[in-house]
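Sequence order for the protein chains is A and B. Converting from the first sequence to this note's numbering requires adding 12 to each position, the first position being numbered 1. Converting from the second sequence to this note's numbering requires adding 12 to each position, the first position being numbered 1.
Treat the hints as calculated values from the structure; they're not laboratory data. Among the clues, some could well be false.
Note that the list lumps identical chains together, so a pair holds whenever it fits in one copy or between two copies.
Simulated pairs of lysine to aspartate or glutamate, EDC-like, Cα-Cα distance not exceeding 20 Å [said to hold, decoys possible]:
id, residue 1, residue 2
1, 22, 65
2, 21, 110
3, 21, 65
Computed from a prediction, not measured in an experiment: that's the story for all the values here.
Number of protein chains: 2
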Amino acid sequence: MSAYSTLEKKFRRMNALTEASGVLGWDMSTVMPSGGAEARMEQLAVLSGVCHEILTGPDVGDLFDEALEAKGELNGWQLANLREMQRIWRHATALEGDFVEAKIKACKRCEMVWRSARPEGNFAAVLPTLKEVLNLTQQEARIKSEIFDCNIYDALLDHYEPGGKSARIDAIFDDFSSFFPDFLQEVLEKQRSRPTPVMPDGPFPVAVQEKLGREMVQAVGFDFNHGRLDVSLHPFCGGVPDDVRITTRYDETDFMISLMGVLHETGHAMYERNLPPDWRLQPVGAARGMTMHESQSLIIEMQASRSPEFISYMASKAQAAFGSDGAAWSVENMRGIYNQVQPDFIRVDADEVTYPAHVILRYRLEKELISGNMQVEDLPQAWGDGLESLLGIRPPNDRLGCLQDIHWYDGAWGYFPTYTLGAMAAAQLFEAAKKASPEIPEALTRGDFSPLMAWLNVNVHNWGSFLSTDELLTRVTGHPLDPQIFKKHLKARYLDS
Amino acid sequence: MSAYSTLEKKFRRMNALTEASGVLGWDMSTVMPSGGAEARMEQLAVLSGVCHEILTGPDVGDLFDEALEAKGELNGWQLANLREMQRIWRHATALEGDFVEAKIKACKRCEMVWRSARPEGNFAAVLPTLKEVLNLTQQEARIKSEIFDCNIYDALLDHYEPGGKSARIDAIFDDFSSFFPDFLQEVLEKQRSRPTPVMPDGPFPVAVQEKLGREMVQAVGFDFNHGRLDVSLHPFCGGVPDDVRITTRYDETDFMISLMGVLHETGHAMYERNLPPDWRLQPVGAARGMTMHESQSLIIEMQASRSPEFISYMASKAQAAFGSDGAAWSVENMRGIYNQVQPDFIRVDADEVTYPAHVILRYRLEKELISGNMQVEDLPQAWGDGLESLLGIRPPNDRLGCLQDIHWYDGAWGYFPTYTLGAMAAAQLFEAAKKASPEIPEALTRGDFSPLMAWLNVNVHNWGSFLSTDELLTRVTGHPLDPQIFKKHLKARYLDS
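Work out the full structure, taking the sequences as your base and the hints as a guide.
Structure follows, in C-alpha cells:
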C-alpha cells in the first residue's frame, strides 16, 4: 500500500471515531440524563486520546515524507487531501500530550466556574481560571506561530479558519467599523419613520411550531431519512453528514425565534449533508472552515429566509398553521418584525445590522488579550468602552457584558471573527447565486429553495476542503471575500426598501 | 506502574470505548434515521477494531505473566479482576484477526438475508449463508475448545456464561423435560376448570401506558437521572451502568405486553445500575454472564411482578390510570390473564411454563448442529419433531418455526440455555430473598420493591463478576443452581393456588 493510501486509511479510521464522538456529543446535549455525564466525559476523553494517538503515531511523519516524494502519482483531490491531512497533523503534533491535557482540564474547569459565574454576573469569580486558560492559550499560540511561521493570533485562527490572516480581518473590520455608526443611525431613523411592527397574538403551541419548522426545513431540502430535529438548551447542528442532527428550543410566546433558528441550523446541516460523498471521512471531504460554515447557515437564514420574498410565503404558512389572524400577519408587518434593528447587549439576540459590532468588539479584545497588550482584569472596562463606541450602549453588568459568551472560557480563542466573515461570504455568495439563477427570489415566494440549494451544492458544498475559502469564493463569485457586498446588502435591505 | 495497574488502565480504556459503542447501539435502535446506518456501521466497526487492538497488543501477554508473578501483592478483587481480564483476553487472542473479520461479515450477511427470509418463511433462502455461519462457528468452537481445554459447545457457551458446562445443562434440561409434559397437562386441566380470563376493554392510549410504565419502573427503583425509557422495535436494555436505557413498544389493544416488558428490562437495568461502583469499566465490575442477567430480569418480571401480591397492586393502579372499570379488573381475573398458559409456536410470546420447552428445543438442536451430528438442511424437520414432542404442537411453516429467532443467523450460538438457567436462578434467588426478608411479598402488595431490591443489591448486583455464577448462588442461597426450586415455584403458582 502506498504511503498516501496508508494515510487515507489512518484518517478514515480517525474520522470514524470523531464521528462517533459527534453522535455522543449530540446525545449529551439532547437526551442524556444528567447522571450519565461523568461516564460520557470519560468515553469522549478516551476517544479523543485514541484519535490523537492515531494521528501522532511514530510512523506518520515518514508517511508524509514518502507521500510527498511520490506526489506525482496523486490526482488533484488526493493532493488537496494530503495538504489537509498535513494541516491537521501539524496542529496535532505541535503540542506535547501533557500540555494538551493540561489545557483541556483548565478549559473544563474554567467553563464550569463560568456556568455559575455568568448568571450572577460575577466576573471576579472566573478571573483566576480564565487567566490560566489565557496563559495556556498564549503558550499554544506562541508554539504554533513558530511552527506555522505566522503571528500568534493567526496560529489560533488557523484552527477555525484555515489560512485565515488577522491583517486581512483587521482591514475588513476597520472598514466596516468606519461605515457602521452612521449607517446604524440612518437605519434607526428610517425605522422610526415606519409603523412599529406588532407581534401576532400567541400563544404558539410547541407542537404547531415543530410541525411548521419541519415543513420549512424540508422546503430547504433537509431529508429526515438522513437527519433529525430535536430540542436542546443551546441550538446546534451536530451528528455526521449522513445523519445530520439539528436542534432548536421553543418559546410559546414567539414562534419566530425557533423558526429562524431552525432555518439557520438547516443551512449548516445542508452543507454537511452535501459534502462530496466520495470523500467521506477524509480531511478534503470536510467542510471548509467556520467562515464557509457560517456563510451556509446565514445564506439560508439571513439572505434567503429574511428576504421579502420568503417572508411573504412564510407569513401565510405560519398564519394558517397557528389558525390566527389580524393585521399583524400582513407581509409588511412581518417584514418589520423580521428585519427589526435594535442595539442590544447580547450577541446571540442581535439583528443582522448590529451583529458585526459584537463580533468586532470580541475580535479586537481577544487580539489584545492574546498578545498580552491587555490584562484580563481590564476586560469588563474595555468591553463596556468598546460596546459604547460601537453601538452607543454600555452593559449595566458583566452578565450582559463579557460573561455572556462561552468561547473564551472554554478555550475557543480565534473563533469570533468567522461569524462576521461568514455573514459577508453569505452576501457575496447569494449575490452570485442570484446572478447565475435569477429565478431564486421568485422561487422563494413559493417557499422553494431548490434553485438556491442546487447552486450551493454545486458551487460550495461539493467542494469540501478542496479549495481555500478565498479560492472557493474567487472561483464561484469572481473575487475573494469582498466586504462591500455585505454593506450593499445591508443598505438595500435596511435603507432602500 | 505495576503490570497489574497497566492492565487495569488498558481495560478501563477499552471498556470506555465499549461503553461508547453501547450508546451508539442504543441510538441506532431508537432514534437514528435509516440513512445513518452505513456511517454508524463503520463507526462501530472501527471502535471494535480499536478495542481488539488494545486487548491483543504485543505487550499484553507479558503483562499477564508479570501480574501473575506478583499476584501476592493483589487483594481479592484485584485477583478476580485479573482472572476476568485473562478470560476476555483468551477469547480475544484465540482467533486470528482475519478469521474474526470473516465471521463478522458472514454473520452480518446472514442476518440481512434472514431479515427478508423470515416474514416469507423462506428457510431455503437463508440456508447457504446460515451454513457458512455455522461452519465458521464450528471452526471457532474447535479452536477455542483446544485452548480452553473443554468440549466444543462449552467453548461457545463460555462467551455468554463463563465457566458454563453443557454436561450440567444436559442434566438440568433432561430433568425438566421428564417433569414437563405431565405437569403441562395438569396445568392446562386446572386452567380449564377456571373461568376463562377476560381482557379489560381498551383502547389503552400510549401516553397513559407510558406514564404507568414510568411509575412502575420507578417503584422498582429505576432512576431517571441515570437512565431513560424509550420506544424501539425490539425491547432491550442498553446504555451504560450510569446511564442505563430501557426500551419498549406499545400496543393500544393490550397494555400488559408493554408493562411486563418494561418490568423485565428494568430487572436488567437495575443489575447494570447497581454493579459495584468502585469497579466501573473493569471486567470484575461487569455483570456475571447471561444466566445471572436473565435471572435479574425474571426475578422482577416473573417472580415479583406476576406474583399475586403485585398483581393486586398493579390491577388497581392500571384501572385508575386508564379510567376504566368492569369485572375484568378484578384481581382474580388479572391473575388469570397474567398467568395464563398456552402452548404456542413463538418463544418470545411464551408464558412462564412453556418457555423452557422452547429453550430446551433450541439448545438440543444447536448442540447437534455445532457437533456436526445434524445438517442445517434437516433443521426444519427436526424443529417440528422437537416442538411436537415437547409441546404437542407443530409449526405450520418456518416463520413460526426455525426462522423465528435471530440468534443463530447473527452468530449467537451457545446463548439459548441461559434464558432458562436464568429463570431457574431467579426462582432460587427469590426464595432465598423471601427467607431473608419475609416482608417482600407484603411490600409488593403496596408496589414496594425496596426490600427485594435491597437484598438483590447486596447479594447479587454488588458482586459484579467477583464470583462465578454457582459460587454466587451458593454464597447467597446455600447451594449451586438447583432446578427443583423452579419446578416447585411453577407447581405452587400454576397448580396449588
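Hint check results:
1. 22 / 65: both (11 Å within a copy, 14 Å between copies)
2. 21 / 110: between (27 Å within a copy, 17 Å between copies)
3. 21 / 65: both (14 Å within a copy, 16 Å between copies)
Every hint from the earlier list agrees with this structure, and none is contradicted.
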